[in-house]
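Residue numbers (numbering that gives the first Met the number 0), protein chains in the order written: chain A, 0 to 232; chain B, 0 to 815.
Bear in mind the hints are in silico, worked out from the structure with no lab data behind them.
Note that CB positions come from ideal geometry on N, CA and C, so glycine has one too.
Among these hints, one or two may not hold up.
Partial pick of chain B residues on the chain A-facing surface, computed with a CB cut under 10 Å [unchecked claim]: (1) Arg10; (2) Arg279; (3) Leu287; (4) Gly291; (5) Lys293; (6) Gln296; (7) Ala373; (8) Glu376; (9) Val377.
One-letter residues, chain by chain:
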Amino acid sequence: MSHATPFLAAQNVSQIVANPQATQAHDLHILRDVNFTIEAGQSVAIVGASGSGKTTLLGMLAGLDSPSHGQLFLAHEDLTLMDEESRAELRKHQVAFIFQNFQLLPSLTALENIMLPLEVKGTDNANALAGQYLNHVGLGQRGHHYPHQLSGGEQQRVAIARAFAAQAPILFADEPTGNLDTQTGHHIIELLFELNQQHHTTLVLVTHDVQLAQRCQRRLSLTAGQLTELVDV
Amino acid sequence: MFKLAARLAWRDWRGGELSLLFAALLLAITSVTSISLFTHHVKQAMVSQGADLIAADLRLNSSQALPEDWAVQARNLSIQQAHVSQFQAMVFADNGMQLASVKAVSNHYPLRGELSVGGAAFDQGIVIAHGPKQGDIWPDSRLLASLNASVNDSINVGDLSLTISRVLITEPDQASGFASFAPRAMMHLSDIAATHAVQTGSRITHRWLLAGDKSALTSLQQQITPLLSSGQRWQSPTDGNANMAATLDKAEQFLLLAGSLAVVLAGVALSLSARRYSLRQAKHVALLKCLGLKPKQLRLLYLSQMVLLALFVLIISLPLAWGLYQGLTLLMVDYIQTSSSTPALAPFILGAGTGVLCLLAFVLPPMLALAKVAPAEVLRQSSNQKKANIGHLAIGFGAVILLVYWHSQSLLISSALILGVVVILLLLALLTHQLIKLGNTIRPHLGQGAKIGWANLVRRKHQNSLQVAIFGLALMLLFSLVSVRSFLIDDWRQQLTQDTPNLFLFNIYQEQRQSLLGSMKQQGLTTEGLTFFPIARARLAKPKVDNPRGDRELNLTWSKALPAGNSISQGRWWHNSSTAPLEVSIEADYAKSMGLGLGQTLTFNVAGIEKNAILSNLRKVDWSSMQPNFFFVFSQPLVEANSASYMASVYIAPKDRSKLGPLLREQPTISMLDVDQVLQQVQRVVTQLSLAVEGILIMVLGAGILVLVASIQASIDERRHESAILRTLGASKALIRSILLVEYASLGFVAGLIAGLGAEAVVAVLQNQLFQMPVQLHWPLWVLTPFIGMILIGACGWWFNRSVITTPPLRTLKQT
Ligand SMILES: Nc1ncnc2c1ncn2[C@@H]1O[C@H](COP(=O)(O)OP(=O)(O)O)[C@@H](O)[C@H]1O
Ligand SMILES: [Mg+2]
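Start from the sequences and build out the full structure, keeping to the hints where you can.
Here you go:
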């Protein structure tokens with residue numbers, strides 16, 4: 000690649016939120032001076048204790064939030080120089096996201112939830128495509144059920160199918176297998192890496208699953224907002 | 000983009016997300032449109048009632064004959080016309096003679112209202128379409144009695160002999176003033192010449208009666224008005240009759256008020272549901288943003304959703320309003336009739352306009368603000384605990400005021416409502432804080448449910464303030480309307496009392512008073528409540544007024560005390576009338592139209608003697624009281640006691656009417672003015688209007704209750720979730736029920752309290768300024784309203800939350 004800017008990177012990124020009840024001294028440092036670079040097509044796992052800032056970091060990389068300090072690059076673009084309008088445009092074409100808390104719209108059926116990214120892009124055969132993705136995650140029969148009629152694991156699978164349907168070159172996944180049993184978890188992991196290999200999708204996932212972390216090319220560890228790269232021994 | 004908007008809107012609709020917004024908008028448009036349609040209908044009925052009183056839609060009164068070509072102009076505009084000429088003439092019969100007021104009418108008289116006749120004096124009348132034909136005469140009961148004549152006799156008017164074919168019982172346009180004491184007779188217009196009773200220079204009044212299309216009448220009036228001479232004057236239906244006009248005016252104000260309240264309620268309902276919708280949409284927006292929708296696209300998306308919603312609601316609500324209105328008029332068809340039933344376009348425009356404006360003011364701002372939701376919101380369990388946006392509230396408030404003004408065209412109603420809202424907000428700010436303090440001190444002594452309930456109240460301070468403001472506003476509007484309705488109906492009911500005088504007696508001399516009472520007793524007539532008023536006839540000599548109302552013989556009276564039902568609007572009533580110089584009190588509007596001012600010295604010509612009197616005060620007269628009312632009241636007698644003439648008023652029951660003939664024969668010098676027919680007309684109108692007012696009240700109450708329900712529902716989501724969590728923690732049904740009851744009942748109590756006080760302020764302003772009535776405080780109202788609020792809102796809150804108690808908690812948790 001002839002780009003001078005990195006494909007996906009954080010440079011000196013900090014996130015500080017004011018503690019609503021106290022003075023400056025008590026400000027909460029969610030991320031402290033985070034630095035890393037990810038190449039296109041890589042698979043990266045972010046691991047860390049609960050509350051260490053993984054979700055916050057992932058959201059920032061995807062351009063969902065802006066950092067207090069530092070620079071972020073997504074698909075060679077400097078996110079911190081962009082306005083919300085152009086970040087939205089970038090997300091539309093580059094990013095798919097699997098949320099920790101699924102974020103399925105309660106008023107939409109499973110199938111319609113999956114159709115949503117296709118519809119936003121204006122894809123013609125959204126319905127048929129969404130059906131295929133639903134089959135992929137093994138929920139072909141549940142397309143017309145509403146989120147509240149599905150179990151946590153099933154909702155997670157719908158959320159994953161929705162992310163696949165976006166057909167984006169970069170996929171962010173926040174604990175994608177957190178609610179799944181071992182067997183379904185395996186199946187989903189296979190799907191994720193299939194995507195990575197066949198379509199050269201860049202994978203950035205947050206996980207507690209050791210097996211999943213092992214399958215990634217790189218592992219980053221977050222501890223109290225500070226990032227270190229784990230190197231295999 | 001529009002396709003996506005439609006698709007998302009459809010899914011929201013299917014999921015019930017839009018249903019509250021839909022219902023609120025439907026309520027807004029339907030209630031405003033149907034109330035406005037009904038108001039329009041009642042107004043038309045009022046105008047047609049007024050039209051009956053002048054027997055036409057429009058009348059030209061003239062002291063000289065009218066040019067021929069005016070009739071041609073009217074004919075060209077397809078306007079119906081009739082002519083009436085009225086003059087005084089001696090009427091001769093075999094057994095007597097009598098000065099009578101003769102009314103000569105053309106073929107088409109009356110154009111509006113009903114004429115009724117009988118076969119003998121004081122008969123029950125039968126309605127008849129036209130006046131007497133040529134050669135016939137219809138004397139009224141009094142004339143017949145004083146002439147000692149009966150049907151089929153011949154009587155002479157001037158030189159012409161006419162046959163009595165019927166007895167005149169009622170005329171639609173009988174003058175209701177005291178101008179015509181003389182007995183009356185009706186004959187055909189073309190017989191006038193032959194009587195030779197009307198010579199050049201004799202007093203004759205001409206009336207040109209017109210009826211037809213409103214625009215045609217207006218254009219005729221515009222053509223002719225510049226040509227009118229000083230003795231010619233237009234008369235429209237409402238300025239014919241002072242007491243009727245006063246009643247109609249109050250009714251119209253009430254209808255406008257009620258309509259305005261419907262507008263405010265609609266606004267409140269919409270703003271509530273819009274708030275709820277936008278809170279629930281925040282997640283959608285954040286997610287759509289993650290999927291790459293730009294803020295601009297999101298704004299367009301919601302804008303098109305709103306347009307779709309508005310169109311959909313309009314398509315449903317306008318016919319619905321029409322149906323409602325039809326149903327209501329059908330229910331009242333026996334009571335409220337109009338001559339034309341052409342649907343008016345204005346109410347539909349008003350209703351649709353109100354809906355669209357409410358949508359723009361209440362729904363659009365929060366929707367557009369949605370585009371600002373940060374995409375990172377999806378990463379968290381976003382809180383629904385957003386404070387109300389002051390800017391959005393201000394826009395909404397401004398829009399409501401604008402709408403109320405549009406609807407009522409009355410600065411007064413608009414400002415009374417603003418005052419009410421301000422009172423509510425002030426009380427709210429004052430009370431919330433105090434109550435929470437109070438709660439904190441009593442909390443340790445409460446039961447478990449009440450304790451948690453109180454804690455919840457305090458925790459949700461801001462939301463609760465908004466909630467109380469809305470409950471309070473809705474309750475205030477309802478309380479105000481109910482109490483305005485009560486005092487209005489009370490006021491009208493006084494006119495409906497059975498013993499309102501329906502007969503006026505004139506030309507009674509000092510010494511004749513006892514003998515009159517004796518004769519009445521002898522005939523078995525009641526003399527209860529009969530009071531004598533002294534009367535003198537006089538002319539205002541100085542200053543010369545340029546108004547035909549002042550330039551004629553006036554009926555004057557004198558009194559030490561302020562007559563009942565009168566109130567002083569300027570100046571002071573006299574204390575010691577016997578020693579001071581002569582003072583006079585004049586009815587305020589009359590004085591104004593004559594250009595007379597306080598402190599002026601006026602010269603009256605009383606039977607050839609000039610008397611000076613100082614105008615010391617102006618009076619307001621309740622014209623709807625049907626008591627004898629006088630434009631002029633003096634502080635001292637104007638004539639010697641033994642030459643004074645008196646008038647009296649008395650109620651004669653229908654069964655006693657046949658005794659009036661014999662009474663008149665016994666007291667032949669006394670004149671009578673029978674206002675029974677006018678009174679019945681007024682009572683009929685009052686009955687109709689009372690019904691209309693009740694009908695409107697029910698509609699607005701319905702709208703108000705719906706608003707309460709909507710606002711409770713809007714508050715429910717969060718409480719459901721909490722209750723479900725409490726259930727999983729093992730709270731009993733009874734505990735949850737008591738928590739909810741404490742929360743909603745306290746909210747209701749506070750809302751009721753401030754609503755009562757707010758309503759008092761609104762009603763005081765309206766009573767004093769709009770309805771021109773003395774202000775009364777309604778203390779039972781404030782004592783009651785907190786409890787009404789408590790019960791109403793407590794019950795609603797409990798009812799809508801009962802599913803939380805009965806459904807398994809997991810299901811509730813999954814759905815929220
Ligand atoms: N907007 C915010 N305001 C206050 N604290 C926040 C906010 N966002 C995140 N945090 C805090 O930052 C920390 C990291 O959050 P998160 O990134 O969700 O952690 P993880 O995903 O690693 O469990 C947590 O302690 C969380 O409470
Ligand atoms: Mg997390």
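Structure-based check of all given hints:
no. : hint   : verdict
1   : Arg10  : 6 Å, holds
2   : Arg279 : 9 Å, holds
3   : Leu287 : 7 Å, holds
4   : Gly291 : 2 Å, holds
5   : Lys293 : 4 Å, holds
6   : Gln296 : 8 Å, holds
7   : Ala373 : 7 Å, holds
8   : Glu376 : 9 Å, holds
9   : Val377 : 5 Å, holds
When the structure is compared with the earlier hints, no violation turns up for any of them.
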